[in-house]
Amino acid sequence: MVGRFSEGSLSARYGRSFVKLVLALTLVFLAFPVVMTFLSSFASDWSAVFPTGFVTFDHWGDVIYGTDIGADVAVGSSLAYSTGLALGGVVINLIVGVPIASAIARYDFWGRDWVNVFAILPLAPGIILGIAFLRTYPDLSTSGIALIIGYSLLKAPYMVMAVQSSFQSMDLQQLEESARSLGASWPRTFLTVIVPNAKTGIIAGSIISWTLAAAEFNFSYIVYSRGTPPLAIFLYNNITNASFLNAAAAVSIFFLLIALVTISLQIIGNRGSFRRI
Amino acid sequence: MSEVSLENITKRFDSTVAVDDVSIDIADGEVMGIVGPSGCGKTTALRLVAGFETATEGTIRYAGEDVTHVPPENRNVGLVFQSYALFNNMSVLKNVTFGPKMHGVGKEERKKRAYELLELLDIEELADRSPQTLSGGQQQRVGLARALAIEPHILLLDEPMTGLDAKLKQTLRQELGELLDDLGVTTLYVTHDQEQAMSMCDRIAVMNDGHLEQIGTPPEIYEEPANEFVAGFIGTANLLKATIRGDQVSLGFADIAAHKRTGADGEVTVLIRPDDIIVGDGPIDVEVTNLFYQGEHIQAMGSLPDGQKMKISLDRSLTDVSTGDTLSVDFDPDTVHVIESTR
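Just so you know, the protein sequences line up as chains Y and H, in that order. Taking the numbering used here, the leading residue of the first sequence gets 5, the next gets one more, and so forth. Taking the numbering used here, the leading residue of the second sequence gets 145, the next gets one more, and so forth.
Any given hint might turn out to be false.
[Unchecked claim] The calculated DSSO-like cross-link candidates involving lysine-lysine, where the alpha carbons are at most 27 Å apart (straight line), are:
hint	chain 1	residue 1	chain 2	residue 2
1	Y	K203	H	K453
2	H	K245	H	K255
3	Y	K203	H	K385
4	H	K385	H	K313
5	H	K238	H	K251
6	H	K255	H	K238
[Claimed, not checked] Here are a few chain H residues that sit away from chain Y, every Cβ distance over 12 Å (derived from the structure):
hint	residue
7	T203
8	E217
9	S227
10	N233
11	M234
12	N239
13	E252
14	D302
15	N352
16	E372
17	Q392
18	A408
19	E484
In case anyone wonders, no lab produced these hints; they're calculated from the structure. Heads up, the beta-carbon is just placed ideally off N, CA and C, and yes, glycines get one too.
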């Protein structure tokens, strides 16, 4: 009996170590290109297997100040442009997606299943949506508005699903009815009780849809025609020429920006949380 | 004039009749209970009073004023749900001041009112805590404070103790009962737990399948149920098929007397409560088929000579009774309740 127990225990110990090792190797494999990209942004050359000529801040300087990058526009401009467009998409998703998610979670109305399907439908590839968008609204393709609307459409499912999940985890009907019985109008109930209670989902949905929109390539490639290119287009256009290390610096700045936005939103999310005992 | 009245209220959802021609008058300061099994329409009745449902037919009045079509935010009702539905994005204090704020009460006044209520409910030290850090009992008190803070026309309690453990439920039942008595607030208490309703409410409305079966004080409902459903739903009941002539009830195998009756002779159902049965020297033999020790008494399940089942409440001192024994029982004619007709 003792033997059987110790056998099981050893087996469990080796099994866990093996799983840990596989996880660690997978993580290193996945993270390695990201780390290399970040490191190479501080190197003066990356023509061999590993980047060489550390440490230089020239590429970061080029990106930030927009000097001598061998491209038509500054990478920094592209980055700022994409950040703004993605933010616009998130704002639209917040205004449209949160009420839709709330309605789907709260009310049993005619066509609810179809609304749910349409809210998630834009998970179709960006390239398809881009072509459809151009065919439907050909005049919009020259402006950033097209990209904002497209990003919002493409990333709406992430917002709707994250927020819907938050709504479904609470008793929406009783929350709403409690607030209304206390004298709050429906809009006030929605804004001061329902939305704040779904804060976690709203923040998660915003982070996901913003980061994915800021780096969206397929839709941008189809719809973008002139002017400052979105970051993904800029990187594609300059990835094979000399400005690759500038692109690496731009991508690194993008990483940092995502980290900054995520941490900030999490801090905002935690603000107003109460002491837990 | 009743503080709150439901006048011939019917509520239909498509082809389903959830509430069928129900009339209830709740007096100022009265605690009215609505009890009934799941799906009997009691929660729909509460939602109609709150304004979350609109009656298909009938009128709801607050102090004589027709509020049937008034939206819930303008009805001034305090609502406490089973889940309490506290706002986790706000502290306990903000939960309690939310209602007065919506009613335009000034900041200082609503804070003062909130602290008074928190103190009354003995939870003032929780003012800055998040509702999600509180125990079920504490959350219930916060829910109650929040509902009372708007000084409501009527306090609506929808199964507010369902999720609590038995001991806490007992304590809170007593506390809530005393609080409602002290405050004198008109209350509608909806529960499927008839024991809670009996101990806390001034009057009880028993509902079944959308109908109002009976309305009365707890003793009236318990001792003089209007029909078999009420007799069976409220308390533990022995319902025996019998024939009556005058005040003589024939059970087939024995005759017993029933003093309190007004109806015609014929087939009836006789209600005898287990704790009204006199065990000792009596004309009826009951064979004990099972015994359940319940602490305060022993519940004996027995079989009458014609095979009908009978529950008898035995004193704890009768420890020598065992399964298979025959008990001789008798009934006080005043405790034999004859139910004249069944619906």
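Taking the hints in turn, this is what the structure says about them:
1. A C-alpha spacing of about 58 Å is found between K203 of chain Y and K453 of chain H, which places the hinted pair above 27 Å, so the restraint is violated.
2. For a cut-off of 27 Å, the pair hint linking K245 of chain H to K255 of chain H stands: about 10 Å separates their Cα positions.
3. In summary, the hint linking K203 of chain Y to K385 of chain H is not supported, as the alpha carbons are separated by about 61 Å, beyond the 27 Å threshold.
4. A distance of roughly 37 Å separates the Cα atoms of K385 of chain H and K313 of chain H; the hinted pair therefore is violated under the 27 Å criterion.
5. Restraint check: the Cα-Cα separation between K238 of chain H and K251 of chain H comes to about 11 Å, which is no more than 27 Å; the hinted pair holds.
6. At most 27 Å may separate the alpha-carbon atoms for a hinted pair to count; K255 of chain H and K238 of chain H meet this at roughly 9 Å.
7. Even its closest Cβ contact with chain Y, about 20 Å, leaves T203 of chain H beyond 12 Å, as expected for a residue assigned away from the interface.
8. Interface exclusion of E217 of chain H from chain Y breaks down, the closest Cβ pair being 5 Å apart, not more than 12 Å.
9. Listed as outside the interface, S227 of chain H is inconsistent with that label: its C-beta sits roughly 5 Å from the nearest C-beta of chain Y, within the 12 Å cut-off.
10. Consistency note on N233 of chain H: stated as away from chain Y, yet its beta-carbon is not over 12 Å from all of that chain's, at 4 Å minimum.
11. Look at M234 of chain H: its CB is around 8 Å from the nearest CB on chain Y, not clear of 12 Å, so calling it non-interface is violated.
12. With a minimum CB-CB distance of about 9 Å to chain Y, N239 of chain H fails to clear the 12 Å threshold, and the non-interface call is violated.
13. Against chain Y, the non-interface label of E252 of chain H holds: every CB pair exceeds 12 Å, the least being about 19 Å.
14. With a cut of 12 Å on Cβ distances, D302 of chain H falls inside the contact zone with chain Y, its closest approach being about 9 Å.
15. Against chain Y, the non-interface label of N352 of chain H holds: every CB pair exceeds 12 Å, the least being about 25 Å.
16. For E372 of chain H, the shortest C-beta to C-beta distance to chain Y comes to about 35 Å, beyond the 12 Å cut-off, and the non-interface label holds.
17. Residue-level check passed: Q392 of chain H sits 54 Å from the nearest beta carbon of chain Y, beyond 12 Å.
18. Against chain Y, the non-interface label of A408 of chain H holds: every CB pair exceeds 12 Å, the least being about 48 Å.
19. Look at E484 of chain H: its CB is around 42 Å from the nearest CB on chain Y, clear of 12 Å, so calling it non-interface holds up.
Violated hints, in rising order: 1, 3, 4, 8, 9, 10, 11, 12, 14; the structure is consistent with all others.
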